[in-house]
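Enquirer: Next come the chains, spelled out residue by residue.
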Amino acid sequence: MKKLLWLLLYLAAMPAAAIDGAQILQKVDRNLEPESYESYRKLIDIQPDGSRKESVLYTMKKGREKIVALFLAPQSDKGRVTLRLADNMWLYIPDVGRAIRVTSLQSVTGSVFNNADILRIDYTAEYDMAEAEEQKDAYLLSLKAKTGDVAYDRLKMWVDKKLLLPVTIEAYAASGMLLKTLHFKDVKDFGGGIRRPATLETDSPLYKGYKSVMLWSGLKKAGYPDEIFTLNYLPRVQELRK
Amino acid sequence: MNSLRSLRPLWLLALLLAAAGAEAAEEYSFDASEFEKKPFEIGGYLQLKQEGFALNRGSAFYRLNTIGQPQRESLDRSTGTLELIGKLRAGTGTFDFHTHSDLQRDPLAHDHNNTLYEAAYSARPDPGLTLEAGKRTLRWGKGYAWNPIGFVERPKDPNDPELSREGLVMANADLIFNREGPLRTIAFTPVLLPVGRDVNSDFGAAGHLNPAGKLYLLYRDTDIDFAWQAKGSRPGRFGVDFARNITSNFEIHGEWARVSRFPKPVTDAAGRVTTEVSDATSYLLGVRYLTESDTTYIAEVYRNGTGYTDVQSRQFYQLVDAAFAQLQETGSGTLLQRALSLGQGGYGRPTAGTDYLYLRAQQKDALGVVYLQAAVTAMMNVRDRSYQVTPELLYTGVKNLDLRMRLFLLQGGAATDFGEKQYSRKLEFYVRYYF
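Taken in sequence, the protein lines are chains A and B.
Position one of the first sequence corresponds to residue 37 (our numbering), numbered consecutively onward.
Position one of the second sequence corresponds to residue 625 (our numbering), numbered consecutively onward.
Don't read these hints as lab results, they were simulated from the structure.
Glycine is no exception: its CB is placed at the ideal position from the N, C-alpha and C atoms.
Incorrect hints may appear among the rest.
[Stated by the list, open to error] A short, non-exhaustive set of chain B residues, derived as facing chain A with CB atoms under 8 Å: (1) Asn783; (2) Glu786; (3) Ser788; (4) Ile870; (5) Thr871; (6) Ser872; (7) Asn873; (8) Asp1026; (9) Met1029; (10) Arg1030.
Let the hints inform the model, and build the full structure from the sequences given.
Expert: Laid out in structure tokens, this is it:
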């Protein structure tokens, strides 16, 4: 009888245990983007007085931790390239003529989006699953950074249960301070089986009144040789665009 | 009619909502097709710069640079600069160019200059191989203000390290190998740099085809470069640099270079010039630190092995005094010619001494204004304790427009590095429009 009771209790506990947060996160990564892809993004920084500054980036990503982004606009930033290889990030400025190391918390555009947001690699490459909770319409994933080099120490990610796409992400510092909130919007079919939010809005208590928006266009699967994800190739990255 | 009138506020509201809707739709529209790659591209910038100098009339370099000119306490200078950067693509190759033109006016001179900074053809038969030929600016090294391993480039101005520079005519290649494991990238850049009477004539002695090379490694998240330039137009040299992030907001970098049998013309106070030949070692160690409040600190310690010691510099300044005394007393300009020639050479470099300290603090969104960067840069000659402090404001909030203001404050006694510069203060303002 006692054994039967334990079995019933175990079965009752089964649904909760069935949430595999790590698996959900892997699906979120792949639903957001193919592992290797190209895309165009527009970053819009909106100031409290409503004035805006826009940047356009062409991005190429390969595997879980190689990504390069080329600035196409504004004219003053054209030709700048940022490269990320796992935890290493560099910025190449044509006038300076060589790449300098930059940090994930800096912003090369002066935006609320920092380099970690602009050169985001797979969440599974940077974060461990701390806790997964099932809510009415969403999964709430609590993520902990794998190393101290990651821009945000903890993430709280609300994932749409049906689409397995993030809806909201709160990013926290190691101190527990909320650094920014990311809102994913406007789920769109990009073709090639890619259906994901085309708009990402962010606000931060550190930048009261400011808002930054990231828009996607031309997102598609693509393959690249490893050599382009190197410092020596950065001056020539723009030649890879079709 | 009345009913129509009563609907008027609603019409207005509808129009307002429609307008708001249109704005909202417009707000986030993005079509990437307008950014497609074109076979020919051209861009660049136009810059207008105004400088006001408070001249240091007692200094060695003021006196050398204003011989025979009316003496003055201050000088205003206006400079217009146009830089054009273009690209022509054909197949797997690209031809690109970078031109520089400036027009300078001040009460003493009107000057203009047209220089081809870069013009090179590059072919990429394979992603791991690039071949280039033409005039190209290579920048080697990790230092912010100085680069001891910048073997095949014109020297950087530590007062404006990010300024574009004229390149050198060369043929070079880039071979890149990527792999998994602790050594992730290996890249080799061989260079051949000819020097003749009309080609790269300011690089060194004519009649040499100077080979050089750089090997880059990304090893355990550390950038490492080994650089070398064979003996030819200049003495042979080799060096190494590195850069690494210790934490996500703290970077360290360094460079070390050795020049074999470097000839250095040295004068004594009487104008007797000898050429000292010895191996010269230069090195640099630097850090870059970003605080939570977005302040970036850059600090560099630089040892210039080819520079002049405190005693050697002092003797040069004494020579300048003696040269002007000779001119006044005897009317002879022999010593003055010698001093002038030395001043246009090694003694006149922006940082001609042996030991320097560089500190820079820059604040993003300074004074609560987004896109306003405030910075203070200090450069000190550690040997003679003379220094220069440069507060700076840069505003980039208007699309394609940069506004920068800097104030140079130089401090140093007689016979010191910054005390003998041509000016003691300089206010500089520029507006740069990118197109």
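Enquirer: Now, for every hint given, state plainly whether the structure supports it.
Expert: Verification of the hints:
{"no.": "1", "hint": "Asn783", "in the structure": "violated, 15 Å"}
{"no.": "2", "hint": "Glu786", "in the structure": "holds, 5 Å"}
{"no.": "3", "hint": "Ser788", "in the structure": "holds, 5 Å"}
{"no.": "4", "hint": "Ile870", "in the structure": "violated, 10 Å"}
{"no.": "5", "hint": "Thr871", "in the structure": "holds, 7 Å"}
{"no.": "6", "hint": "Ser872", "in the structure": "holds, 5 Å"}
{"no.": "7", "hint": "Asn873", "in the structure": "holds, 5 Å"}
{"no.": "8", "hint": "Asp1026", "in the structure": "holds, 7 Å"}
{"no.": "9", "hint": "Met1029", "in the structure": "violated, 18 Å"}
{"no.": "10", "hint": "Arg1030", "in the structure": "violated, 17 Å"}
Hint check: violations occur at hints 1, 4, 9, 10; the rest are consistent with the structure.
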